[in-house]
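These protein sequences, in sequence, are chains A and B. Numbered as in my numbering, the first sequence ends at 614 without a single skipped number. Numbered as in my numbering, the second sequence ends at 574 without a single skipped number.
Hints in this document: simulated from the structure, not taken from any laboratory. Errors might be hidden in some of the hints.
[What the hints assert, rightly or not] Below, in silico cross-link-like pairs of lysine-lysine (DSSO-like), each with a Cα-Cα straight-line distance of 30 Å or less: (1) A:K537 with A:K508; (2) B:K399 with A:K483; (3) A:K598 with A:K558; (4) A:K479 with A:K516; (5) A:K516 with A:K288; (6) A:K598 with A:K508; (7) A:K585 with A:K564; (8) A:K479 with A:K404; (9) A:K598 with B:K399; (10) A:K382 with A:K590; (11) A:K413 with A:K384; (12) A:K246 with A:K404; (13) A:K564 with A:K479; (14) A:K392 with A:K308; (15) A:K479 with B:K305; (16) B:K399 with A:K382; (17) A:K246 with A:K537; (18) A:K516 with B:K305; (19) A:K413 with A:K614; (20) A:K413 with A:K483; (21) A:K384 with B:K305; (22) B:K305 with A:K514; (23) A:K516 with A:K598; (24) A:K564 with A:K537; (25) A:K483 with B:K305; (26) A:K351 with A:K288; (27) B:K305 with A:K413; (28) A:K590 with A:K392; (29) A:K590 with A:K508; (30) B:K305 with A:K590.
Predicted model only: the values in this text are computed from it and were never measured.
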Amino acid sequence: MTKRLLVVFSLVIAAGMAAGGPVAAADKIVKIATQSPLSGDQSAIGVDIKRGAELALEQLSGPLAAMGFKVELASFDDQANPDTGVANAKRIVSDPAILAVVGHFNSGVQIPSSEVYHSSGLTNVSPANTNPKVTTRGYLEVNRIVGRDDVQGVVGADFASEHKVKSVFVVHDKTAYGQGIAEFFKQRAQEKGMKVLGFEGTEEKANFDSLLSPILAGNPDLVYFGGIYPQGSVLFKQARERGYMGMFLSDDGYDSSDAVKIGGKTLLEGGGTFYSTVSGPAAVYPGTAKFIQDFKAKFNAAPQPFAAQGYDSMGISLKAIETAAKADGNKIPTREAVAKAVRALKDYAGITGTFTFNAIGDPTIAKYFVMKVNSADPAKWNDNPVVQTLDIAPPK
Amino acid sequence: MKRFLKSINIRELLRPIGQMILFSLGSTIVLSVIVLLLALILDRTVVGQTLIERLNVSLFTYTLVNLPQVAIDGLTIGFVYAAIALGYTMVYGVLEFINFAHSEIFAVGAFVGVEILIALEKFGILSNASLVMAYIYLILAIVAGMLAAGALAVTVERVAYRPLRHASRLVPLISAIGVSFLLQDVIRLTESLTSGQFNRIMPTFGNFDHRILFGKMAMGATQITLGVSIKSIIVIVSAVLMLVGLNYLVNATRIGKAIRAVAQDHSTASLMGIDVNRIISLTFLVGGMLGGAAGVLYALKFTRIDPFVGFFPGLKAFTAAVLGGIGNMTGALLGGIVLGMLETYAGSFMGVFTMGAAGTEYKDIFAFSILILVLIFRPQGLMGENVAQKA
Numbered sequence: 219m220t221k222r223l224l225v226v227f228s229l230v231i232a233a234g235m236a237a238g239g240p241v242a243a244a245d246k247i248v249k250i251a252t253q254s255p256l257s258g259d260q261s262a263i264g265v266d267i268k269r270g271a272e273l274a275l276e277q278l279s280g281p282l283a284a285m286g287f288k289v290e291l292a293s294f295d296d297q298a299n300p301d302t303g304v305a306n307a308k309r310i311v312s313d314p315a316i317l318a319v320v321g322h323f324n325s326g327v328q329i330p331s332s333e334v335y336h337s338s339g340l341t342n343v344s345p346a347n348t349n350p351k352v353t354t355r356g357y358l359e360v361n362r363i364v365g366r367d368d369v370q371g372v373v374g375a376d377f378a379s380e381h382k383v384k385s386v387f388v389v390h391d392k393t394a395y396g397q398g399i400a401e402f403f404k405q406r407a408q409e410k411g412m413k414v415l416g417f418e419g420t421e422e423k424a425n426f427d428s429l430l431s432p433i434l435a436g437n438p439d440l441v442y443f444g445g446i447y448p449q450g451s452v453l454f455k456q457a458r459e460r461g462y463m464g465m466f467l468s469d470d471g472y473d474s475s476d477a478v479k480i481g482g483k484t485l486l487e488g489g490g491t492f493y494s495t496v497s498g499p500a501a502v503y504p505g506t507a508k509f510i511q512d513f514k515a516k517f518n519a520a521p522q523p524f525a526a527q528g529y530d531s532m533g534i535s536l537k538a539i540e541t542a543a544k545a546d547g548n549k550i551p552t553r554e555a556v557a558k559a560v561r562a563l564k565d566y567a568g569i570t571g572t573f574t575f576n577a578i579g580d581p582t583i584a585k586y587f588v589m590k591v592n593s594a595d596p597a598k599w600n601d602n603p604v605v606q607t608l609d610i611a612p613p614k
Numbered sequence: 184m185k186r187f188l189k190s191i192n193i194r195e196l197l198r199p200i201g202q203m204i205l206f207s208l209g210s211t212i213v214l215s216v217i218v219l220l221l222a223l224i225l226d227r228t229v230v231g232q233t234l235i236e237r238l239n240v241s242l243f244t245y246t247l248v249n250l251p252q253v254a255i256d257g258l259t260i261g262f263v264y265a266a267i268a269l270g271y272t273m274v275y276g277v278l279e280f281i282n283f284a285h286s287e288i289f290a291v292g293a294f295v296g297v298e299i300l301i302a303l304e305k306f307g308i309l310s311n312a313s314l315v316m317a318y319i320y321l322i323l324a325i326v327a328g329m330l331a332a333g334a335l336a337v338t339v340e341r342v343a344y345r346p347l348r349h350a351s352r353l354v355p356l357i358s359a360i361g362v363s364f365l366l367q368d369v370i371r372l373t374e375s376l377t378s379g380q381f382n383r384i385m386p387t388f389g390n391f392d393h394r395i396l397f398g399k400m401a402m403g404a405t406q407i408t409l410g411v412s413i414k415s416i417i418v419i420v421s422a423v424l425m426l427v428g429l430n431y432l433v434n435a436t437r438i439g440k441a442i443r444a445v446a447q448d449h450s451t452a453s454l455m456g457i458d459v460n461r462i463i464s465l466t467f468l469v470g471g472m473l474g475g476a477a478g479v480l481y482a483l484k485f486t487r488i489d490p491f492v493g494f495f496p497g498l499k500a501f502t503a504a505v506l507g508g509i510g511n512m513t514g515a516l517l518g519g520i521v522l523g524m525l526e527t528y529a530g531s532f533m534g535v536f537t538m539g540a541a542g543t544e545y546k547d548i549f550a551f552s553i554l555i556l557v558l559i560f561r562p563q564g565l566m567g568e569n570v571a572q573k574a
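My request is simple: use the sequences and hints to build the entire structure.
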């Protein structure tokens, strides 16, 4: 009697396990990683890239859920530091459930980290990296949805020449990003007939006195800074305090409300402060009204620059996983299939534009903006007006 | 009152002021002459021609017109270095070891001061403050920074150095480096608890950003304005006051006598009835307070601070202490001023002299090469004495 019961019991368990198999298969877990600076100087932007991606995952993973996939977000903090980014990348590629990476704010972090993604065939959709090298290495796995520095430098120089700037002093932060933009700016400025009075790199974060002496001696119409705002804003502030009254121009690394927290009203005096960017405030894109509303409702704060791009990068990753999974009979697709599906997307309708990638992963058309700093109040940073908008294809 | 006045040693008050004036003027004159000579020589070469093409001014005029401003900038940073260097040198004087955590004590002072001002700003007190109140708040922040940094320095000594005092020389040094890393990350952790942001920005208030103009000088097609911002003056004046105060404490009081006695020989000093541990704690307290005040002044001058803000000023101040002769207070003062001047002169003129080939970014290489040269010919530093190794 006991023996019979035991047999029945084990049969029941076996049946349960057999039935359990397909149930678990219906819950196929897929992960998408984000990498951005979640702590430190640049965390205001980095956190919102992650939040944008999180929102997209919530709103756009419906089709994958219907196919029996459960999509999870795995967020990583790259601390805007190449070493941390690469270490995280190694953890990311060792997790087989991760099929795509949305990430990096800093080109200097993306470039070494994507070498790791490339070697394991993991696709990377970048919401913010503008250095040409990001895509010119020609990796199948690396794509971006924003413009490029070689164009951003040109946009800045064209803007300057339209504003009758005759002489310029160029400063950069010696990173792949800042120096890259500054060099393209310098080249274009010379083509446009501007006098480049100096070209200096500096890692200094506090004491710009000795750099300012040669700048002020030349009294240029414009000081151009290629780099990120914690340095740029301090430089601009000290230049103004020493009596420089010309114009300041920087790049999209300057695009943060903290820039005005540092610079205060000195940025508004004299010729004013401008910055070119590959990402306007979310409000300048036609498709973002609902995104801004949802973002505010969920996170109780207005989206920082690149949050909408984080949303689109995630959307593209989800779409590509869906396409690849469909082609493979609803199985979890391979990383290679996902990478190919991203590159093959045609006219993906995102909220910041319609994206098709070219052979190296640049968007076929990218938007560039020049913005003006308009208020000394950090809360009003997102109201900075766009003074120029350009649609430009990547250079051949 | 009369007796009190009589007890003040005027000589010890005037001597450091005289030294500071001498050192500042001396290094300004020496460096200026060198730079002007270089400019005269280079004027005849392609360097001068390039400048004439670019700015329509001869190299000599360019250098001459820029000199006063460069000297003021150099002095400001030089006094900051001197104030930090004194912390290194005092500890070296009594313990013969280098307190590498001093740069983080500097950073803690900066953070405490700035946090207080940020809190005041949040309550709306700063924006409505009158000029007098603005200065009172600034002094409050400096004093708070000093107290916090002083207390921290004493704690660090008690916890990390005192138990190792009789160990071999390298052991407390490693302990100091460890404390330095620990403090950096503790600052990073506590500052990012609320917002994830660990950098802080000095609030703008009072008239500190205002610039006093001395005049304009024509140079080629443009004009150079010569001036000094109020915050630079505050930095210099506070540093001078602290240095005079410290000098008085060490050279003209009983406590100072005890400090000097301990510096000479621990065991003999203790036989004379001096509580050695108390004096060492006191040395750390005073050194830490100076460092903390320098931290707040640094934040005032340069606006933005992060947990690693102490690293470079700390390293430079240590260099300044070595340049002047470590263990020697006058030497630290001289070393700080000279290093600040060297660095600023190099940074300001190298770009022009090399036609942009080696710009401001190489100023540190230049300053440190001079340090190496000085140490080759005077290993004991500029003012250091050749002290026989203690048993």
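Evaluation of the provided hints:
1. A C-alpha spacing of about 20 Å is found between K537 of chain A and K508 of chain A, which places the hinted pair at or below 30 Å, so the restraint holds.
2. Taking the CA atoms of K399 of chain B and K483 of chain A, the gap is about 24 Å. The hint holds against a cut of 30 Å.
3. Using a Cα cut-off of 30 Å, the hinted pair K598 of chain A and K558 of chain A is violated, with the two alpha carbons roughly 41 Å apart.
4. Proposed proximity of K479 of chain A and K516 of chain A is supported: the alpha carbons are some 26 Å apart, at most 30 Å.
5. Restraint check: the Cα-Cα separation between K516 of chain A and K288 of chain A comes to about 21 Å, which is no more than 30 Å; the hinted pair holds.
6. The straight-line distance between the Cα atoms of K598 of chain A and K508 of chain A is roughly 20 Å, inside the 30 Å bound, and the hint therefore holds.
7. At roughly 18 Å between alpha-carbon atoms, K585 of chain A and K564 of chain A fall within 30 Å of each other, so this suggested pair holds.
8. Taken as a hint, the K479 of chain A and K404 of chain A pair is honoured in the structure, with Cα atoms around 28 Å apart against an allowance of 30 Å.
9. This hinted pair does not check out: K598 of chain A and K399 of chain B have alpha carbons roughly 37 Å apart, beyond 30 Å.
10. Between the alpha carbons of K382 of chain A and K590 of chain A the distance comes to roughly 16 Å, so the proposed pair stays at or under 30 Å and holds.
11. Using a Cα cut-off of 30 Å, the hinted pair K413 of chain A and K384 of chain A holds, with the two alpha carbons roughly 6 Å apart.
12. Taking the CA atoms of K246 of chain A and K404 of chain A, the gap is near 52 Å; set against the 30 Å cutoff, the hint is violated.
13. Distance check on the hinted pair: K564 of chain A and K479 of chain A sit about 41 Å apart at the alpha-carbon level, beyond 30 Å; violated.
14. With a C-alpha separation of about 26 Å, the suggested pair K392 of chain A and K308 of chain A falls inside the 30 Å cut-off, and the hint holds.
15. Using a Cα cut-off of 30 Å, the hinted pair K479 of chain A and K305 of chain B holds, with the two alpha carbons roughly 14 Å apart.
16. The straight-line distance between the Cα atoms of K399 of chain B and K382 of chain A is roughly 26 Å, inside the 30 Å bound, and the hint therefore holds.
17. Proximity of K246 of chain A to K537 of chain A is assessed by CA-CA distance (about 16 Å); at most 30 Å being required, the pair is judged to hold.
18. Distance restraint check for K516 of chain A and K305 of chain B: the Cα-Cα separation of roughly 26 Å lies within the 30 Å cut-off, and the hinted pair is therefore satisfied.
19. As the CA atoms of K413 of chain A and K614 of chain A are separated by approximately 28 Å, the hinted pair is consistent with the 30 Å bound.
20. Between K413 of chain A and K483 of chain A the alpha-carbon distance is near 28 Å, which keeps this suggested pair within the 30 Å criterion.
21. Distance check on the hinted pair: K384 of chain A and K305 of chain B sit about 43 Å apart at the alpha-carbon level, beyond 30 Å; violated.
22. Note on K305 of chain B and K514 of chain A: the hinted pairing holds, with a Cα-Cα distance of about 24 Å set against a maximum of 30 Å.
23. For a cut-off of 30 Å, the pair hint linking K516 of chain A to K598 of chain A stands: about 21 Å separates their Cα positions.
24. Straight-line distance between C-alpha atoms of K564 of chain A and K537 of chain A comes to about 11 Å, which keeps the hinted pair within the 30 Å bound.
25. For the suggested pair K483 of chain A and K305 of chain B, the alpha carbons sit about 18 Å apart, so the restraint of at most 30 Å is met.
26. Using a Cα cut-off of 30 Å, the hinted pair K351 of chain A and K288 of chain A is violated, with the two alpha carbons roughly 34 Å apart.
27. Between K305 of chain B and K413 of chain A the CA atoms are separated by roughly 45 Å; this puts the pair beyond 30 Å, and the hint is violated.
28. Proximity of K590 of chain A to K392 of chain A is assessed by CA-CA distance (about 25 Å); at most 30 Å being required, the pair is judged to hold.
29. Our distance criterion of 30 Å between C-alpha atoms is met by K590 of chain A and K508 of chain A, whose separation comes to about 25 Å.
30. Taken as a hint, the K305 of chain B and K590 of chain A pair is honoured in the structure, with Cα atoms around 27 Å apart against an allowance of 30 Å.
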